[in-house]
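J.: Sequence:
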Amino acid sequence: MIEKKQKIVIVGGTGFVGQGLIKYLSSDLFEVHSISRHSFNGKPGDQTQYHAIDLSESEQLRPIVSDADWVIDAVGILLPNPLKNQTYQNSSYEPAHQLIHLLAQEVKPKFLFISANAGPFFMRPYLKAKLAVEREMAQVLPGRAFAVYPGIIFDPARQSSYWPGVALTHLKSIAYFNKFRPVDRAEFAKEVAGILTGKSSPLLRRTVNKI
1 MIEKKQKIVI
11 VGGTGFVGQG
21 LIKYLSSDLF
31 EVHSISRHSF
41 NGKPGDQTQY
51 HAIDLSESEQ
61 LRPIVSDADW
71 VIDAVGILLP
81 NPLKNQTYQN
91 SSYEPAHQLI
101 HLLAQEVKPK
111 FLFISANAGP
121 FFMRPYLKAK
131 LAVEREMAQV
141 LPGRAFAVYP
151 GIIFDPARQS
161 SYWPGVALTH
171 LKSIAYFNKF
181 RPVDRAEFAK
191 EVAGILTGKS
201 SPLLRRTVNK
211 I
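Residues 1 to 211 (the UniProt record's numbering) make up the sequence shown, in order.
In case anyone wonders, no lab produced these hints; they're calculated from the structure. Please read these numbers as outputs of a predicted model, since none were measured by experiment. The beta carbon of each residue, even a glycine, is placed where N, CA and C say it ideally should be. Where hints are given, some of them may not hold.
Computed beta-carbon distance windows for the label pairs [said to hold, decoys possible]: (1) N41 to P164: 28 to 36 angstroms; (2) Y176 to Q49: 40 to 48 angstroms; (3) P120 to S58: 34 to 42 angstroms; (4) L171 to Q105: 31 to 39 angstroms; (5) L204 to A132: 32 to 40 angstroms; (6) I174 to R62: 41 to 49 angstroms; (7) N41 to F177: 32 to 40 angstroms; (8) S173 to N209: 36 to 44 angstroms; (9) N85 to S173: 39 to 47 angstroms; (10) A138 to S39: 28 to 36 angstroms; (11) Q139 to E3: 30 to 38 angstroms; (12) N41 to S173: 38 to 46 angstroms.
When you get a sec, could you build the whole thing from the sequences and use the hints?
T.: What follows is the structure in structure tokens.
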């Protein structure tokens, strides 16, 4: 008997993290959909269904997420960009807020939020936005909301994070650097795929008490 594929919706699926997930998630196990603001053409062989929809358009989103097994929030920015009017409020918290309240009107989808384990002092606003989403999803989607807590996600495809990630990996034996939890993008995607199929993962637990 052939098992039915799980429907996975990745919000922010055209970004660095989202594309890493899409590259790893097997089309034999998952029917993958990506939601982003702009149209996107996947690479040859990519069976993902790409949807160009603004998250504020809830009635366009609803048919895509209502029957999903999992909705993954891979939206967000690492640093604000005043020139693009990108803040943690409008580019990290608000998209998650809109998504959480849309999913609250449905009964099936589980929600997976990509949070953060910890960060240096200058990243406190970034972490504050992540914590705000965690609190809200716990209140609005009890029993259906989960978070993963990576640190810097790195891959050769993005040199700006690759070399810092490699450096931090070699410094993990030092307690201060270990909390930054560098994760190779392919390894991160593997862990997420396991979570989607019911497996446990160390990324489901934050390793520090205070961030």
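J.: Run every hint past the structure and note whether it holds.
T.: Comparing the hints with the structure gives:
1. Checking the proposed 28 to 36 angstroms range against N41 and P164 shows it holds: the Cβ atoms sit about 30 angstroms from each other.
2. A C-beta distance of roughly 43 angstroms is found between Y176 and Q49, which places it inside the suggested range of 40 to 48 angstroms.
3. Remark: the range hint 34 to 42 angstroms for P120 to S58 is upheld by a beta-carbon distance near 36 angstroms.
4. As the Cβ distance of L171 to Q105 is approximately 45 angstroms, the hint placing it in 31 to 39 angstroms is violated.
5. At roughly 20 angstroms, the beta carbons of L204 and A132 sit outside the given window of 32 to 40 angstroms.
6. For I174 and R62, the Cβ-Cβ distance of about 47 angstroms falls inside the hinted range of 41 to 49 angstroms, so the restraint holds.
7. At roughly 39 angstroms, the beta-carbon separation of N41 and F177 lies within the given 32 to 40 angstroms, and the hint holds.
8. Checking the proposed 36 to 44 angstroms range against S173 and N209 shows it is violated: the Cβ atoms sit about 20 angstroms from each other.
9. At about 41 angstroms, the CB distance of N85 to S173 agrees with the hint of 39 to 47 angstroms.
10. Take A138 and S39: their Cβ atoms lie about 34 angstroms apart, and the range 28 to 36 angstroms holds.
11. Checked against the hint of 30 to 38 angstroms, the C-beta distance between Q139 and E3 comes to roughly 33 angstroms, which is consistent with it.
12. Between N41 and S173 the Cβ separation comes to about 43 angstroms, which falls inside the hinted range of 38 to 46 angstroms.
Hints 4, 5 and 8, counting from the list given before, are not met by this structure.
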